[in-house]
Amino acid sequence: MNELINTIAIVCMIVVTISIALLLYRVIKGPTNPDRAVALDAIGINLMGMAGLSAILLVTTRLNDVILLIGILLFVGTVGLAKYLEKGVIIDRDDD
Amino acid sequence: MTGTTTEFIMNILVIVFLIAGTFFVISASIGVIRFPDIYTRLHASTKAATLGISGIMIGAFIFLYVEHQIVSGKLILGIIFILLTAPVSAHMIGRAAHSIGIKPWSQDGNTKDEYADALKDK
Chain V
1 MNELINTIAI VCMIVVTISI ALLLYRVIKG PTNPDRAVAL DAIGINLMGM
51 AGLSAILLVT TRLNDVILLI GILLFVGTVG LAKYLEKGVI IDRDDD
Chain S
1 MTGTTTEFIM NILVIVFLIA GTFFVISASI GVIRFPDIYT RLHASTKAAT
51 LGISGIMIGA FIFLYVEHQI VSGKLILGII FILLTAPVSA HMIGRAAHSI
101 GIKPWSQDGN TKDEYADALK DK
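Residue numbers (this note's numbering), protein chains in the order written: chain V, 1 to 96; chain S, 1 to 122.
Keep in mind the hints are simulated off the structure, nothing from the lab.
It is possible that part of the hints are untrue.
Anything over 12 Å on all C-beta distances counts as not near chain S; from chain V, calculated [said to hold, decoys possible]: (1) Met13; (2) Lys87; (3) Asp94.
List time: in silico DSBU-like cross-link candidates among lysine-lysine, alpha-carbon distance up to 35 Å [as the list claims (entries may be wrong)]: (4) V/Lys83 - S/Lys47; (5) S/Lys74 - S/Lys122; (6) V/Lys87 - V/Lys29; (7) S/Lys74 - V/Lys83; (8) S/Lys103 - V/Lys87; (9) S/Lys112 - V/Lys83; (10) S/Lys120 - V/Lys87; (11) S/Lys122 - S/Lys47; (12) S/Lys103 - V/Lys83; (13) S/Lys103 - V/Lys29; (14) S/Lys120 - V/Lys29; (15) S/Lys112 - V/Lys87; (16) S/Lys74 - S/Lys103; (17) V/Lys83 - S/Lys122; (18) S/Lys47 - S/Lys103; (19) S/Lys74 - S/Lys112; (20) S/Lys120 - V/Lys83; (21) S/Lys47 - V/Lys87; (22) V/Lys29 - V/Lys83; (23) S/Lys103 - S/Lys120; (24) V/Lys87 - S/Lys122; (25) S/Lys122 - S/Lys112; (26) V/Lys29 - S/Lys47; (27) S/Lys112 - V/Lys29; (28) S/Lys112 - S/Lys47.
From a predicted model like this one, the values you see are computed outputs, not experimental measurements.
Quick reminder that beta carbons are idealized off the backbone N, C-alpha and C, glycines included.
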């Protein structure tokens, strides 16, 4: 049964890799800059999935911190990128 | 006997969750490739990728519980975090795209942009 789960996890990892390659095409070619931001967000979510599949393949629990860290950095990066695309600055002070 | 039966059912559950999650992840990225517009791409990316990552995380959670008897709360925390932050970031990217002047896609050229009308009236 464990061999079957290992095989399934390897196949899932290959499929997630293909998914990241498709998103990378959108990052490089994307017609506008918000398209690139969306594709980068989805690449980060796929990386979280790859870390979960690695935790299954290696039978370890030490990758769970990595999953949380990727999620938090992804949210901060996406919010910063959206604010930069909207106004041209990230931290805006309304005192001028 | 019961222990092996429970383990068998848990392993089947792990396989089902992994395959369902990977299907949703690959369908999200096919949607990002195929849809014509930034707003429809946001729709595909946010919903399907959130569902796919939830499936993979639940699969890993059940696998670690069966294999090591470890209840790993960080995986569940990751699911909750993605469920909270994916709509927020999608909303911010969509608003930024609208404010830098990207029109919604239309096949015949006359899509009604109600958000622009509301901004004009304000």
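Status of each hint after checking the structure:
For V/Met13, the condition that its CB be more than 12 Å from all CB atoms of chain S is violated, with the nearest at approximately 9 Å. For V/Lys87, the shortest C-beta to C-beta distance to chain S comes to about 8 Å, within the 12 Å cut-off, and the non-interface label is violated. Under the 12 Å C-beta cut-off, the non-interface status given to V/Asp94 relative to chain S holds; the minimum distance is some 17 Å. Between V/Lys83 and S/Lys47, the direct Cα distance comes to roughly 22 Å. Compliance with the 35 Å bound is thereby established for this hinted pair.
Using a Cα cut-off of 35 Å, the hinted pair S/Lys74 and S/Lys122 is violated, with the two alpha carbons roughly 44 Å apart. For a cut-off of 35 Å, the pair hint linking V/Lys87 to V/Lys29 stands: about 23 Å separates their Cα positions. Between S/Lys74 and V/Lys83, the direct Cα distance comes to roughly 29 Å. Compliance with the 35 Å bound is thereby established for this hinted pair. Restraint check for S/Lys103 and V/Lys87: satisfied, since their Cα atoms lie roughly 18 Å apart, inside the 35 Å limit.
For the proposed pair S/Lys112 and V/Lys83, the alpha carbon gap of about 26 Å is at most 35 Å, so the pair holds. Proposed proximity of S/Lys120 and V/Lys87 is supported: the alpha carbons are some 19 Å apart, at most 35 Å. Taking the CA atoms of S/Lys122 and S/Lys47, the gap is about 31 Å. The hint holds against a cut of 35 Å. Under the criterion of a C-alpha separation no larger than 35 Å, the hint pairing S/Lys103 with V/Lys83 is consistent with the structure, at around 19 Å.
Pair hint S/Lys103 plus V/Lys29 holds up; C-alpha atoms about 19 Å apart against a cutoff of 35 Å. Distance restraint check for S/Lys120 and V/Lys29: the Cα-Cα separation of roughly 33 Å lies within the 35 Å cut-off, and the hinted pair is therefore satisfied. Between S/Lys112 and V/Lys87, the direct Cα distance comes to roughly 25 Å. Compliance with the 35 Å bound is thereby established for this hinted pair. Between S/Lys74 and S/Lys103 the CA atoms are separated by roughly 40 Å; this puts the pair beyond 35 Å, and the hint is violated.
With a C-alpha separation of about 22 Å, the suggested pair V/Lys83 and S/Lys122 falls inside the 35 Å cut-off, and the hint holds. Taken as a hint, the S/Lys47 and S/Lys103 pair is honoured in the structure, with Cα atoms around 22 Å apart against an allowance of 35 Å. For a cut-off of 35 Å, the pair hint linking S/Lys74 to S/Lys112 is broken: about 44 Å separates their Cα positions. For a cut-off of 35 Å, the pair hint linking S/Lys120 to V/Lys83 stands: about 22 Å separates their Cα positions.
The suggested pairing of S/Lys47 with V/Lys87 holds, with an alpha-carbon distance near 27 Å, which does not exceed 35 Å. Taking the CA atoms of V/Lys29 and V/Lys83, the gap is near 22 Å; set against the 35 Å cutoff, the hint holds. A threshold of 35 Å between alpha carbons decides the hint, and for S/Lys103 with S/Lys120 the separation of about 15 Å falls inside it, so the pair holds. Pair hint V/Lys87 plus S/Lys122 holds up; C-alpha atoms about 20 Å apart against a cutoff of 35 Å.
Of the pairs offered as hints, the one joining S/Lys122 and S/Lys112 holds, with about 17 Å between alpha carbons and a cut-off of 35 Å not exceeded. Our distance criterion of 35 Å between C-alpha atoms is met by V/Lys29 and S/Lys47, whose separation comes to about 23 Å. Pair hint S/Lys112 plus V/Lys29 holds up; C-alpha atoms about 28 Å apart against a cutoff of 35 Å. Pair hint S/Lys112 plus S/Lys47 holds up; C-alpha atoms about 24 Å apart against a cutoff of 35 Å.
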